[in-house]
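Chemist: Put the two chains together into one complex, using the hints given.
Below are the chains, spelled out letter by letter.
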Amino acid sequence: MSMHPSEPLLRRDRLPHILCEGCGDGIIVNALLEAIVELNLPREKIVFVSGIGCSSRIPGYLLFDSLHTTHGRPIAFATGIKLANPELKVIVITGDGDMASIGGNHFLHAARRNIDMTVICSNNYTYGMTGGQVSPTTPRGWRTTTSPYGNAEPPMDIARVAVAAGANYVARWSTASPLQIKESIKKALTKEGFTLVEVLTQCPTALGRRNKLRTAVDMLRWYKENTVALHHAQELEEQGVDLSAKVVVGEFVDRDRPGLVRLLGLVKEEEKRIEKKEEKLTPEQRAAKRKEEEERLREARKRILEVIAKLGSPKIRRMIELGGDVEKIEKELVKHEG
Amino acid sequence: MHMAGVRFLQGNIACAEGAIAAGCRFFAGYPITPSTEVAEWLAQRLPKVGGVFIQMEDEIGSISAIIGARWAGVKAMTATSGPGFSLMMENIGFAAMTETPIVIVNVQRGGPSTGQPTMPASGDIMQARFGSHGDYAIIALSPNSVQEMFDLTVEAFNLSERYRVPTFLMADEIVGHMREKVVLPEEVETFTAPLSKKGARYYFKPDPKTLVPKMQVFGRGYNVHVTGLTHDERGYPATNDAKVHARLVRRLVEKIEKNADKIIKVEEHHLDDAEVVLIAYGAVSRSALAAVRELRKRGIKAGLLRLVTLFPFPEKLLAKLARRAKLVVLEMNLGQILREVQRCAKRDVHFLPKIGGELHTPREIVKFVEALK
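If you read the sequences in order, they're chains Z and X.
No gaps in the numbering here: position 94 of the first sequence is 94 in my numbering, and each next residue is one more.
Offset between the second sequence (1-based) and my numbering: plus 1000.
Simulated from the structure, these hints should not be mistaken for lab results.
Accuracy of the hints is not assured; some may be wrong.
In silico DSS-like links for lysine-lysine, alpha-carbon gap of 27 Å or less [what the hints assert, rightly or not]: (1) X:Lys1198 with Z:Lys45; (2) X:Lys1214 with Z:Lys45; (3) Z:Lys187 with Z:Lys224.
So that you can see chain X by itself, here it is in the shape it has in the complex (with noise of 0.2 Å):
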């Protein structure tokens, strides 16, 4: 169904091919640079496999729309970028409370307000994370190729079913509008939330290893209420019980902490002896992969970690870097994942930001390096 084969594409159409291919029949979404290309790809596609596209009114309609659509039995998607994004916040917090599986792709770009349509930034890491009001976590994901495009939003839809929780593929205006090589595999494995029993009294009941319940469609009979009050255990409102509520928050939170270990991918390079770790993530990880390799033909022990999931945060990994080597935290914004970083490091840590639309070079990394002396 999904291209396949040796290709040469653009990062936001690998995206929508990888939705394609992780069983995403349905999308909606709203104009919006620099993550238009997923629209426009989709609207072209998905009605020729069987999906449906739809332009929303806006992008509180669309993520609405996408939800609407899971819980009719369809997987699917959306795509935007900052100014929608903050518009989505409402229902991503109803997606989270509902447990309903769902992809947000998030093709970032300068902000606040409408700030840099058309340049790169990584400043909605938080928002992601917690954007939506209330305690709740979800699933962040970061590529940083045209390919991982592709495979992290496969990844992102299976990670969404697994845990029934909205998942996001955080890319940037780089890794969206660069065109590379990619392998486009025939098929990938894919994974749906398994369906209950009908006629259960409590549809909401969560398994007790995973603490995800099993999942209900509309239209088959379940008779099933979804509602984001905070519900019991058979999805009806109980917003007045300090205890139902605290139980039914606590497990939204842990479902994806508890899993954190299953979940969490990093990729590590030149960690073992590193007394320098660099940490990036997205378009930056290239450039600080680069500096890496200069460093160390300058006879500096660096090594580079880069974060494909962003959330739930690998917590112990930092602690454990901590204890040996420098930390470095290169990224797009004025510091958000550098506060996580610190919240595990308990030392300090070294931060060279940089926004404005431009990457860091691996010139910059390197000199900024150099003077930690």
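Looking at chain Z on its own, in the form it has when it is part of the complex (with noise of 0.2 Å):
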């Protein structure tokens, strides 16, 4: 029998796990895995850190070091590992409960020190674990157990708050596009601060039977039929179409803001030694390399949007819409152009 090759990282003495049939957080955990393969991080530098709720179950199936904490507490919990071992490299997996409800003060303060780790948040709008209550994160109208007459409260943008908050990265995409969760995963594992990878995923048990939505392939379907990319969006709206039905998608922010362990001046020794080679460039020099590489991005983009016109590819069409990795869609370009 073949192996799955994420398998190796999956704690198999503790299978067969406890989400429901489709779950979408089986789809978060294969992006996660895949992109901790694909960065070749080593694995007993990772952390995974989660809270209470279904997705918060995930890091008890996964072979790394890892500490499943209280509801709303895993952001806290993570705050003193980075801290007290800035080595580590922490990810707490967490959900809109446990997220943006009982742990929004965690989740706000995190992402203003910009404190050097990644979220991944299952948003599923809904308490998957007790059965499906309304949620912070529960689109108005909808019904849950304890929204029977349908949700009257607005949602939270998590993403949103997240880069107003300070975040140095965040992104949202559903789990009907899990190419770009990983891309993003692999992004926010790499970069410095406070990262969140929102994922919207469908819940078909607790929330969607009750929603018209009753399997994964309904959900996954309303998704996106309802997601819109954010630069379409963008465009959209100045045309003065209403999307306050639809979810916006993408990268909010891509930043560079020192995060907290730079800031406490808690870098390791190694990195130190980087930074002061780097200042031995002039300001001159600095900037150059900067303008070199805006340029190559520049030229790269346009070819991109050149072909497109021509050949009108849906695929590279689509990819681009999604705020794909700009070298990925090279590559298709290249096979595209045979």
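Modeler: Pasting the structure below:
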């Protein structure tokens, strides 16, 4: 029997898992483990931290060091872990109830501090573990066991809150686009500071069946039909199209403010040496280096757009719409051009 | 690393220096009167000794962060007072369940609720013992001087590491804010929980004698899973297994109860021939000792049992004393340690409470004891 490439990273002695059939958390685990493998991150330096909820059970199935904490608190626990040993790569797996509701304050302040950690928020719009109650992200009008007449409250936009609070990198995708999830997780894991990948995921068992979305397929279709890529959304809004019923996906921010580890002066000796080396460059040299890099990216984007206009490949168009990785699109273009 | 020599210090600062001496290199806290000086002092001192200080968004975050830090291999502490202590209860239970060695300093003030921020009390004693939900056991110490704010902080770290249990320094506003002469030793004895072998299948299997399992640290290839759920000896959730739950939770309590004789410390004054034994702890015990001396001058054979360890409670000693002397409990609450004494004594126990933020005076105690005849 052939082995799944991620299988060596799982605690096989804990299977089968407790998640329901059709749950989107499997898509997240797949993307996450692929990202870790592709980045070739050393396993012993990764620590998973989670709170309470369906997605928070994920670390229990992964063969890494992991801390399964209390409801809403994983980011606070993770803060202690990261500051006590800045060499560790700290990954928090949380959900909408865990992070946006009971853990809202820890989330805001971790983003404000820009503490170096990657948070993956599995946002299924509901409290799945307790049987499907209304959550801070449940869309208006949706029925849950505690909003039996339809949710009256406006939902929270987790990604935009994170941007406003000060996170370095924030992306949101639905489980209908697993490749984008993986690419964003890879980016998040390699960046300094607070990085968040929010994944809109399906919960047919506790939420979908109360909202005419009985199966995982129905819910994934709903996501496909109701998500709009960020840059596309901006254009549409300029044209006066009402997007209030849609969910915007994409990369909301990608910046390089210093992370808390650096701000506190806790950087490793090796990194300090690299920094010193860069310090030797004159400001002009540094500016020239940056300009060169920007020029290269601009050229790449220009070429992509030209080719699209000429060839109109739907696949490449889709990749660009979803804000995909430039290098990947370039590769696809080469293939397309034959 | 820590300050040494003869000093004139505030209690909260002595506590902070005790933490540094004990090897604490991580502090997370939130400002609250009357404990804030512990945080302020460590904010200044920890970065200079290779440690980290962080002011968290609240006390829930503070205790979460120190538990995380300890699993990352660094000894950690937080300090607070009543309202913050209440917020910490959730993860005190988590620390008990995951057997995380941490130290929590509570410089007690008058409660309930916001109560009296600047006044002393001992109203959180039972909260320290039973505040989080479910069955568990903890260790709690009660300093009565600035010297002990240093000494017992070191002791709290060592006990928390030896028994892998959250350990409390139950100070009060008086000892926290008082300034006294202290002698800080050059070196103190420290203990760190031993680490297990890597790749073992049963990370949470206890030592059969001490009932304490060896520890792991994140980032060294252990691949350990730590959860607040009921877990088997591999550390894996086993929430529906009655036997696993009973075995785990019984052990969490028994590892403290069965080692109680090794943990408990008391101070005995004039107990040999005492016909009346005063029982006190914290700042009150100083008034009580003055009262005992005065009572002896007046011909009353009084003695003092000062509790240094509050929990585990010295049950055997109390039962023994109750058989031959009248017992008088003095405390700055309406009866918390009193209940523990009553439980052990099996006879009437006299009680002199004082709340409102003023310490018992020796004269009040003398008057109360004289009136017992």
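Chemist: For every hint, state whether the structure bears it out.
Modeler: The hints, checked one at a time:
1. Between Lys1198 (chain X) and Lys45 (chain Z) the alpha-carbon distance is near 15 Å, which keeps this suggested pair within the 27 Å criterion.
2. Taken as a hint, the Lys1214 (chain X) and Lys45 (chain Z) pair is honoured in the structure, with Cα atoms around 21 Å apart against an allowance of 27 Å.
3. Proximity of Lys187 (chain Z) to Lys224 (chain Z) is assessed by CA-CA distance (about 23 Å); at most 27 Å being required, the pair is judged to hold.
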